[in-house]
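Colleague: Just so you know, the protein sequences line up as chains A and B, in that order.
Start counting the first sequence at 2; every next residue gets the next number (the numbering used here).
Start counting the second sequence at 2; every next residue gets the next number (the numbering used here).
No lab work stands behind these hints: they were computed from the structure.
Be a bit skeptical, because a hint or two may be false.
One copy or any two copies: either way a pair holds, since identical chains are not told apart in the list.
Heads up, simulated SDA-like pairs for lysine to any residue below, C-alpha to C-alpha not over 20 Å straight-line [said to hold, decoys possible]:
#1 Lys83 - Glu324
#2 Lys397 - Gln356
#3 Lys34 - Ala328
#4 Lys407 - Ser210
#5 Lys284 - Gly274
#6 Lys330 - Gln126
Number of protein chains: 2
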Amino acid sequence: MPKANAFYAQSGGVTPVINASACGVLEAAAKRKDAIGKVYAGRNGIVGALREDLIDTSKETKAAIRGLLTTPAGAFGSCRYKLRSLEDSRAEYERLIAVFQAHNIRYFFYNGGGDSADTCLKVSQLSQKLGYDLQAIHIPKTIDNDLPCTDNSPGFGSVAKYVAISTREAALDVASMCETSTKVFILEVMGRHAGWIAGASCLAETEASEAPHVILFPEIAFDEKKFLAKVQKTVDRCGYCVIVASEGAQTADGRFLSDSGARDAFGHAQLGGLAPTLANLIKSRLGYKYHWAVSDYLQRAARHIASQTDVDQAYAVGEAAVEMALAGKNAVMPTIVRDPSKRYRWRIGEASLKQVANREKRVPRKFISRDGFGVSPLGHAYFEPLVQGEAYPRYKGGMPIYTTLKNLPVTKRLAQGFELQL
Amino acid sequence: MPKANAFYAQSGGVTPVINASACGVLEAAAKRKDAIGKVYAGRNGIVGALREDLIDTSKETKAAIRGLLTTPAGAFGSCRYKLRSLEDSRAEYERLIAVFQAHNIRYFFYNGGGDSADTCLKVSQLSQKLGYDLQAIHIPKTIDNDLPCTDNSPGFGSVAKYVAISTREAALDVASMCETSTKVFILEVMGRHAGWIAGASCLAETEASEAPHVILFPEIAFDEKKFLAKVQKTVDRCGYCVIVASEGAQTADGRFLSDSGARDAFGHAQLGGLAPTLANLIKSRLGYKYHWAVSDYLQRAARHIASQTDVDQAYAVGEAAVEMALAGKNAVMPTIVRDPSKRYRWRIGEASLKQVANREKRVPRKFISRDGFGVSPLGHAYFEPLVQGEAYPRYKGGMPIYTTLKNLPVTKRLAQGFELQL
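Full structure from sequences and hints, please.
Modeller: Structure follows, in structure tokens:
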């Protein structure tokens, strides 16, 4: 009987270190050739499984696999494609199992956020119902840091580092110019429902500078009057004001300050444009000259300044997923556990997908300062270790070397294709 | 007779490496204590001279001065304050000379762009008219790279590197997601009248990816029809399209695609919001899902990924300015000269400020590809060496260490203050 194969797919928005998790999976599987045959990757995530469009990772060199450790974005392609409930979308789940069966895939590694954890759980449940022997392990990934059951999510630490450094740098810029020019600078960062990324900008503070002076969290209802008063007071006192705003900043009635009306495949509002909205508000009410930046994909692709801690953890959850699968586990996710020691130490834990799926972990109130515009000492202590260490990529000619895989297809075995509802 | 003192000031928008030029000035002056007494810096640029608000740089430690080499923005404060013509604003020029005389300042080092070169020249001319012995040396600085008489301007190489890396990283992100999500990504970069920064994004190209697929230069009149056709063709062929747009992109009649109506102190239009404008155009005409980023101050403060070549050159022009002053020169600017060798080599040259002042060097047509949306091989060859080398700052706790100076004031000697027209 041939050895069982594994399937690995990347899901949802990519991160600077999701490929480091892929590297962890592939290198761990390579060490256990006694138990795992090939690792097939889904081309463009789960869509590749549905289409039976699999990538044979055994065709890549060891060096290319190692290169994933320092390459941002999704090396096999990712997707925004949500499988609905088992009832609504049974054909899709059955198709997945059919593809897995055709390629003797018994290990399913799904690398994504909360929605993907839910999909992973459902695949596990359906395979059991159908009597198909499959172990489904979810590998955590999200820059938003909103997965429950884990101290933090791989991907977040690097984005936190990028945002904190960018805030420190831009604050120095504004400080140098404020006497005769820009008084207010606004940086819009990602974070639809949770303000973890915005919060991490608190690390920009130094003894010499309080910037960022104002952080807008989705967790704290936006109060225009309080906000403008805080900005004005800050400019009066410091000469300038640096604001870091989470794209998910919203009013008490849950209205996003900047809802473009567009929706993504998961039905979430597609946000953006908050920074200019705030800038116009400040200009019209307070009259200050402003500048604003929207870092958008730049923040989540910025592998050039990834956190070493984040890279290590992303690799470790990939590696642990393989170990868990080989230990016979199913419907679980490796987690990051923070040891309660003074010096930061972490280890890999484990959570049941039932506890993970479809739950968002927001920034706790105790991590936010009393006035709602900053981060408390407890919050600081949470963020600090996650950005430790600079995991620089190698450079050639002044530009980072990022790996491109061959991504050769696996020969299809099923007669039928599958029509996706994209 | 006491030794002559020097005055150094930073002017206009700051850069990741303007402090490296300051470091060059201060370290070179420290070596020539036989000829130069103290170096006073203007607090907030030339405004500090007008107000007699001088900083005594001799109070800083050697380590702090060295720290300027790796610190972005303007360590003494910069300003947007343009001295008008000698006729319109004679009182200001006379005030400068009065302050210089009161502090026995005989060397004037002005670190800025084209407007500042003009100011520097006028200060030199007026001091001669008034019979005050002063040597005025302009130290080139602008991220826009639009100074004439020099192969490139210190500050540009680092912004070029940041933008090229960011483009490469964001392109990988879009490529991973385009099957089911974002098809078009737009990065808006600085460059009001010259597309040097946008052009440098061409370095993001790799064997595996043509991104950026479209570059918008202020030098090429924006043609909506051609632009949309190029975007559509690119998405058809590659699955996605990455656009890097100069904020100064404009139509044939000179109308900026995104003119907010605001004007800065120099009377220049304050731009911003081009990226969302282009995104809406693409969405409404072609229907593609988009994302956009505006890097704004982030790009010009990004010391964390500065080009070593740029840092070296910024330091060298500061050092050369001191040497030129001591060699008796006046109304000149050290320049970067590119040797016509195959391997990139540069040296310091010299230009008369009459040749430099108020002239903008735009991207030559031969550096731009035939269709106007890319960079020619000649352009590539120009950009490539300027981003070479990674001049990383030191880090502590995962965050870069940037220097804060004491910036202690020099005791005023003039009875009268001076009212600025801010």
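Colleague: All the hints need checking, so say for each whether the structure fits it.
Modeller: These are the hints, each one checked on the structure:
| no. | hint | in the structure |
| --- | --- | --- |
| 1 | Lys83 - Glu324 | neither (27 Å within a copy, 66 Å between copies) |
| 2 | Lys397 - Gln356 | neither (45 Å within a copy, 37 Å between copies) |
| 3 | Lys34 - Ala328 | within (15 Å within a copy, 72 Å between copies) |
| 4 | Lys407 - Ser210 | between (47 Å within a copy, 13 Å between copies) |
| 5 | Lys284 - Gly274 | both (16 Å within a copy, 15 Å between copies) |
| 6 | Lys330 - Gln126 | within (13 Å within a copy, 81 Å between copies) |
The structure shown violates the earlier hints numbered 1, 2.
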